[in-house]
Amino acid sequence: MKFGVVIFPGSNCDQDCIHVLRNVLGCPVKELWHKERDLQGCECIVLPGGFSYGDYLRTGAIARFSPIMESVASHAAAGRPVIGICNGFQILCEAGILPGALIRNQSLRFICKPVHLSVENSRTIFTRFEKKTLAIPIAHGEGNYFIHADGLKRLKENVQIVFRYCDKNGKAAADANPNGSLENIAGIINERGNVLGMMPHPERCSELALGGEDGLNIFKSIIQDGAR
Amino acid sequence: MLIAKIYVKLKRDVSDPQGFAVKGALESLGFKGADRVHVGKYFVIELADMSRDAAEVMVRQMCDKLLTNPVIEDYTFTVEQNGGEA
Numbered sequence: 000m001k002f003g004v005v006i007f008p009g010s011n012c013d014q015d016c017i018h019v020l021r022n023v024l025g026c027p028v029k030e031l032w033h034k035e036r037d038l039q040g041c042e043c044i045v046l047p048g049g050f051s052y053g054d055y056l057r058t059g060a061i062a063r064f065s066p067i068m069e070s071v072a073s074h075a076a077a078g079r080p081v082i083g084i085c086n087g088f089q090i091l092c093e094a095g096i097l098p099g100a101l102i103r104n105q106s107l108r109f110i111c112k113p114v115h116l117s118v119e120n121s122r123t124i125f126t127r128f129e130k131k132t133l134a135i136p137i138a139h140g141e142g143n144y145f146i147h148a149d150g151l152k153r154l155k156e157n158v159q160i161v162f163r164y165c166d167k168n169g170k171a172a173a174d175a176n177p178n179g180s181l182e183n184i185a186g187i188i189n190e191r192g193n194v195l196g197m198m199p200h201p202e203r204c205s206e207l208a209l210g211g212e213d214g215l216n217i218f219k220s221i222i223q224d225g226a227r
Numbered sequence: 000m001l002i003a004k005i006y007v008k009l010k011r012d013v014s015d016p017q018g019f020a021v022k023g024a025l026e027s028l029g030f031k032g033a034d035r036v037h038v039g040k041y042f043v044i045e046l047a048d049m050s051r052d053a054a055e056v057m058v059r060q061m062c063d064k065l066l067t068n069p070v071i072e073d074y075t076f077t078v079e080q081n082g083g084e085a
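Protein chains in written order, with numbering that gives the first Met the number 0: chain A, 0 to 227; chain B, 0 to 85.
Just so you know, these hints were derived from the structure itself, not from any lab. Nothing here was measured: the structure is a model prediction, and the numbers come from that model. Worth double-checking, as some hints may not be accurate.
[Said to hold, decoys possible] Rough simulated footprint, nothing fancy, chain A against chain B, three-plus residues with beta-carbon under 8 angstroms:
1. 16–25
2. 30–36
3. 63–69
[What the hints assert, rightly or not] Below, a list of computed lysine-lysine pairs in the DSBU-like style, where the Cα atoms sit at most 35 angstroms apart:
4. Lys152(A) to Lys64(B)
5. Lys22(B) to Lys64(B)
6. Lys155(A) to Lys8(B)
7. Lys155(A) to Lys112(A)
8. Lys131(A) to Lys155(A)
9. Lys4(B) to Lys170(A)
10. Lys170(A) to Lys22(B)
11. Lys34(A) to Lys8(B)
12. Lys8(B) to Lys64(B)
13. Lys219(A) to Lys170(A)
14. Lys112(A) to Lys4(B)
15. Lys34(A) to Lys22(B)
16. Lys167(A) to Lys155(A)
17. Lys152(A) to Lys22(B)
18. Lys112(A) to Lys152(A)
19. Lys155(A) to Lys64(B)
20. Lys40(B) to Lys22(B)
21. Lys64(B) to Lys29(A)
22. Lys10(B) to Lys170(A)
23. Lys112(A) to Lys40(B)
24. Lys131(A) to Lys219(A)
25. Lys167(A) to Lys34(A)
26. Lys64(B) to Lys1(A)
27. Lys155(A) to Lys10(B)
28. Lys34(A) to Lys64(B)
29. Lys4(B) to Lys34(A)
30. Lys8(B) to Lys112(A)
31. Lys4(B) to Lys155(A)
32. Lys131(A) to Lys40(B)
33. Lys170(A) to Lys152(A)
34. Lys152(A) to Lys10(B)
35. Lys34(A) to Lys40(B)
36. Lys10(B) to Lys112(A)
Just so you know, even glycine gets a beta-carbon here, dropped at the ideal spot from N, CA and C.
Next comes chain A alone, as it looks inside the complex (with noise of 0.2 angstroms):
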């Protein structure tokens, strides 16, 4: 599969994004500029982590605007995979492509540490594996989920939850909570199920030098959907 993944200013994640797919998983993978508008036939978009536009005004509200993301948005329409990491995940719900939107984490810090993750739904094409708790970093000061209570109630009716915060057992409980997100999400997709946004990062999780490599389930996932 080819992955496509782009760079804003202020990104900083690319590069490990590129990295894991290109030299961990074999794959082609293309650096799109913000400034472009031509994914170059890439299959799969990579919003990756960071801090685009300097988080000016609110976390992804400029990055949106990019020209790129006209395209992005076309790729979700027609039902082609999107997965947005940390800022990619907070652009894509700026866009409107995803719902609710990321708010300053409940402590009022920066938190930067391994967590656990349960996933609540093993049908998407990124979560099609055996295991059911992954370990995997989250860097982020604004990574607080929120949504309306009828946003919500539409998430859980069609399972866009995808990943809780949990405790290594699994268990999704308030204390294993890092940031305040409503209800432990961490991980929502969109009603079509083919826009991933995730506060987690897979990408840096993926060779055991780095200490684990849960975060290579997501992206073989998506891989071995695109060979179906």
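Once you have looked at the hints, place chain B on chain A.
Then chain B, alone, in the frame of chain A:
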């Protein structure tokens, strides 16, 4: 010159950790009357020459499209004649 002043705050049902932190600090300083504190944003936009009606329409569009996120924020604004300080 017309000046738009835009006030943005989180909606009531959105948690405002900055507001809670400021409330706690006020209480620790002995101020007891602050039941709830909201920390928001304030934009001042100096506008090119245009009618007040046109300015109000444009500022509303600015707020809806970029300056605020309707999922989490509410806003109010004024458009005033102003020769000097914002």
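Each hint tested on the structure:
no.: 1; hint: 16–25; verdict: holds (count 3)
no.: 2; hint: 30–36; verdict: violated (count 0)
no.: 3; hint: 63–69; verdict: holds (count 3)
no.: 4; hint: Lys152(A) to Lys64(B); verdict: 26 angstroms, holds
no.: 5; hint: Lys22(B) to Lys64(B); verdict: 31 angstroms, holds
no.: 6; hint: Lys155(A) to Lys8(B); verdict: 28 angstroms, holds
no.: 7; hint: Lys155(A) to Lys112(A); verdict: 28 angstroms, holds
no.: 8; hint: Lys131(A) to Lys155(A); verdict: 18 angstroms, holds
no.: 9; hint: Lys4(B) to Lys170(A); verdict: 47 angstroms, violated
no.: 10; hint: Lys170(A) to Lys22(B); verdict: 33 angstroms, holds
no.: 11; hint: Lys34(A) to Lys8(B); verdict: 31 angstroms, holds
no.: 12; hint: Lys8(B) to Lys64(B); verdict: 16 angstroms, holds
no.: 13; hint: Lys219(A) to Lys170(A); verdict: 25 angstroms, holds
no.: 14; hint: Lys112(A) to Lys4(B); verdict: 40 angstroms, violated
no.: 15; hint: Lys34(A) to Lys22(B); verdict: 42 angstroms, violated
no.: 16; hint: Lys167(A) to Lys155(A); verdict: 23 angstroms, holds
no.: 17; hint: Lys152(A) to Lys22(B); verdict: 32 angstroms, holds
no.: 18; hint: Lys112(A) to Lys152(A); verdict: 30 angstroms, holds
no.: 19; hint: Lys155(A) to Lys64(B); verdict: 28 angstroms, holds
no.: 20; hint: Lys40(B) to Lys22(B); verdict: 17 angstroms, holds
no.: 21; hint: Lys64(B) to Lys29(A); verdict: 30 angstroms, holds
no.: 22; hint: Lys10(B) to Lys170(A); verdict: 30 angstroms, holds
no.: 23; hint: Lys112(A) to Lys40(B); verdict: 30 angstroms, holds
no.: 24; hint: Lys131(A) to Lys219(A); verdict: 15 angstroms, holds
no.: 25; hint: Lys167(A) to Lys34(A); verdict: 41 angstroms, violated
no.: 26; hint: Lys64(B) to Lys1(A); verdict: 33 angstroms, holds
no.: 27; hint: Lys155(A) to Lys10(B); verdict: 23 angstroms, holds
no.: 28; hint: Lys34(A) to Lys64(B); verdict: 20 angstroms, holds
no.: 29; hint: Lys4(B) to Lys34(A); verdict: 31 angstroms, holds
no.: 30; hint: Lys8(B) to Lys112(A); verdict: 30 angstroms, holds
no.: 31; hint: Lys4(B) to Lys155(A); verdict: 39 angstroms, violated
no.: 32; hint: Lys131(A) to Lys40(B); verdict: 41 angstroms, violated
no.: 33; hint: Lys170(A) to Lys152(A); verdict: 21 angstroms, holds
no.: 34; hint: Lys152(A) to Lys10(B); verdict: 19 angstroms, holds
no.: 35; hint: Lys34(A) to Lys40(B); verdict: 29 angstroms, holds
no.: 36; hint: Lys10(B) to Lys112(A); verdict: 30 angstroms, holds
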